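Participant: Here is how the chains run, residue by residue.
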Amino acid sequence: MKGSLAIIWAIGRKDLLLEIRNKEVVVSVAGFALLVLVIFTFAIDLNQGNAKLVGPGVLWAGIAFAGVTGLNRAFALEVENSTLEALMLAPISRDLIYLGKALGNFLFIAVAQIIVIPLFAVLFNLIVFRWEMLAIALLTTLGFSAVGTLFAAMSVRVRAREVMLPLLFLPVVTPLLMAAVESTSHMVNGRSWSDMAQWLQLAVAFDVAFIVVSAFIFQHILED
Amino acid sequence: MVSQATQLAVKAEVVVKNFGATSVLHDLNLELPIGEITVLMGTNGAGKSTLLRILATLTQVDSGTVSIFGADIATNGPAVRALTGSVLHSPMLYADMSVRENLMFFADMYRLENVDDLIAQTTVMVGIEPRIDDRVRTLSHGFQKRVALARALMHDPQLLLLDEPESGLDSQSVDRLDRILDEYRSSGRTVVMTTHIVEHALELADRAVVLFDGRVGFNSENPQRDREAIQEIYSANRISISSLESQPQ
Amino acid sequence: MRVTNSVPRAGALRIALAMIVAFGVAIAHSSTSFAQDSSVASGIVVGVEVDDSGNLTRFALSDSTGTVTTFDLSFETKYGLENQAGDRWVSSQGEESAEAARRLRDHQERFAPITVSFANGVASSVVEREEGKLETNLGYLFAVFGITWALFFAYVLYMGTKQQVLQHEIAKLKSTLG
Amino acid sequence: MFKVLNLLDPLLVLSAALMGVTLYLIFQWVPTELNQGAVQRILYFHVPVAWGSMLGIFVVSGSSFMYLWKKNEKWDRLAVASAEVGVVFGGLMLLTGMIWARPVWAVWWTGEAKLTTALILFFIYVAYLMFRAYFPPGGQRQRLAAIIGVIGAIDTPIIYFAANLWSQAHPPIVTGPAADAESTLGSDLGMVLLASTLAFTFIFIYLVQTRYKIRKSEDDLVELKRTSTSSSMPAGAN
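Chains as they are written, first to last, in my numbering: chain B, 1 to 224; chain Z, 225 to 473; chain D, 474 to 651; chain G, 652 to 889.
Derived from the structure by calculation, the hints contain no laboratory data. These numbers come from a predicted model, not from an experiment. Some hints here could point you the wrong way.
[As the list claims (entries may be wrong)] The calculated label-pair distances, taken between Cβ atoms and stated as ranges, are:
| hint | chain 1 | residue 1 | chain 2 | residue 2 | range |
| --- | --- | --- | --- | --- | --- |
| 1 | D | TYR631 | Z | GLU423 | 56 to 64 Å |
| 2 | B | LEU17 | Z | ILE421 | 35 to 43 Å |
| 3 | Z | SER314 | B | VAL27 | 54 to 62 Å |
| 4 | G | ASN723 | Z | HIS313 | 28 to 36 Å |
| 5 | Z | GLU237 | D | TYR631 | 39 to 47 Å |
| 6 | D | TYR631 | G | LYS722 | 51 to 59 Å |
Each residue gets a CB set at the ideal place from its N, CA and C atoms; glycine is no exception.
Work out the full structure: start from the sequences and follow the hints.
Facilitator: Structural data, given as structure tokens:
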């Protein structure tokens, strides 16, 4: 018997392989997020004070909106050739499929952030290359992919899929978004871990709650 | 391992499945013994594909119970799926991965050992080894169907579920499929399939089950002998359904 | 099916009646504590009386008809008064009586109107009169009531239409089925 | 129309009577709150409506959970009915709140924790209803909608906690004349609120019940259509 982790990793690795071949998801997420950032540099007078004030919000709003399009795309790819059903035919429990797909989505959004965040630093003239940023980005991406994978699987059969996913996804992740924006804002203002501790704890609680609940609930979503 | 003492490959009891206002399966009861090839027949929309999807655990029943080799599929999903191989309507393959990559990925999903040998054997059996390193996207529909068959056979399932496996296959491939199914039966395994080629199915099958109005209309243990009766029911059903549809609202 | 239809309402009705009874008891209980009448007067301050330590003891108010009323104060009298800049000061007689006197004198000098609610000649609260604002505020109040009832009405109408169409269709289908 | 609405429903009659009492209390009986003036009377509508929307969310998540557990259509009907009525109440809550806040706080909207939470929850349950409207009919729709209902319930405390932290970091802008004033009404306020809340609760129950019946009719219609298309066998579908 191969372990569950091997199965999860196999699904994630397969997603990564497909992504390397057609580059659809990462390019759409990074491209969309960058566009948001660039448009804001025109829309707002970015002196140092303004950049610190609005920068974190713009960054995470951009990533959230871009992430939705990416999640949509990622699940559509799995449904196009009914390959999701092939996964469901495998003798594995459905929570492993969820965790594997969530891992794939996590990797995509993380890679997109590796492109977006440095460019954010350049455009907004803010120092973001700190360990705090890594922690914030990891926690937020984890929550995004946990909730996003669940809702993407749910909206896949909806007529207006492109509309439905953000409508479900964005309100639910609002607390996580607040945590990301607030801790980033603490960070660019040069404050320490202890100032953002409460927000990071909130993000951890959110991630744990939704990963557990989603894995538990996922089998009800797939079967029709 | 799921117990096989019951000697029934498939047992469905009062299965109901609706999709909104459409009733697909209605109090369906069915028992299929181990070691037979069963052909499911019926007009379009009679519920053949839905029944196969339920057996493959892709669709949940609204009510009733289904067990495979004595295990309730609602509670033993993974164990039942390990004993089952399915080829349904779509080939269900990743278009941007090669045949080998697809098979290797699914071998991981089925937790198989000696993957390379297994893939070599299976691809020879279904006749796809010349193009094993081509992307699935570049293959014809018939070829993709054969890859799907390889995926379904790789883990040596006890129960094979096939939804119109001949569609898109040339006559050579259909013969190859027949040989594989024969082999399967002779090694004591079970096949449940649907087909649109009734004549061919009746020759091959040990049992023919005609679905009508969401339940078993006719269950023949000797399709060759009952050929005419089946044909008759088949056409009678068609008439009664079309006459119903032509009634004014 | 018929049974499930009527059961929840019977349950809801029982709860409703229980709530009504509870409410009736509550209102009867409270009305005893609400025996004394209380009323409100508005006008400008015409006199302020303080004791030796500068604490407010009494003040006089002239309302729009020119009637002058003198109000006594209790320990609980509340103040909500603004200075000329509009900063609001909120306190009570028990806490800052001297400041209250200063504020009222300030109002007297500015002819700034105040509103007093009182019972038996004792003021219970002395606050800034928001002249003119009352009328616009009434607009807000009626907007709320209008919107609430319009929305409820529209929603009920929508549900009625929907149910009617459905029942019509059901009846039609039943009759064709015989 | 009036027959299907069952306007003589005891609940509706009861709530109408109680609403009359409430209106009397609001406009005749209770004295004007001195700091806020007449506009304070909005609260006698706002608070019960907010309570109704909370009740709606509570019932949606409870019955969604029950549906996932028991798989009984009854719970799904209750969930969809209270979600819809809850959204109507929620919309009213937001509107009346804004209209009250404008003269009292001098802003239509502010980042106060309860407001933010209410708004986000409102969006979640609007999405719940939209999901139901867009998803193809069948057992899966009920199941997925129930999952959204449960997720909304799980998210609620997290949202409130986050909104609370947020409003501590960004103090709400309330600069109106009576922003900090305490109520001068005391127990009278509670009395009128109690009456008003009761009246609105009955309206809530009446609306949910009406919506529930519509859902039931829809199911009956689907059932009839199903039997009418598959009753060709002499054995009959029933």
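Participant: Compare the structure with each hint and give your call.
Facilitator: Consistency of the hints with the structure:
Hint check: TYR631 of chain D to GLU423 of chain Z, Cβ distance near 57 Å, so the stated range 56 to 64 Å holds. Taken as a hint, the range 35 to 43 Å holds for the pair LEU17 of chain B and ILE421 of chain Z, whose Cβ atoms sit roughly 38 Å apart. A beta carbon spacing of about 27 Å between SER314 of chain Z and VAL27 of chain B contradicts the range 54 to 62 Å that was offered as a hint. Under the hint 28 to 36 Å, the C-beta atoms of ASN723 of chain G and HIS313 of chain Z, about 33 Å apart, fit the expected range.
Roughly 44 Å separates the CB atoms of GLU237 of chain Z and TYR631 of chain D, a value that falls within the hinted 39 to 47 Å. Judged by the Cβ atoms, the range 51 to 59 Å given for TYR631 of chain D and LYS722 of chain G is violated: they are separated by roughly 30 Å.
Against the hints set out earlier in the document, violations occur for numbers 3 and 6.
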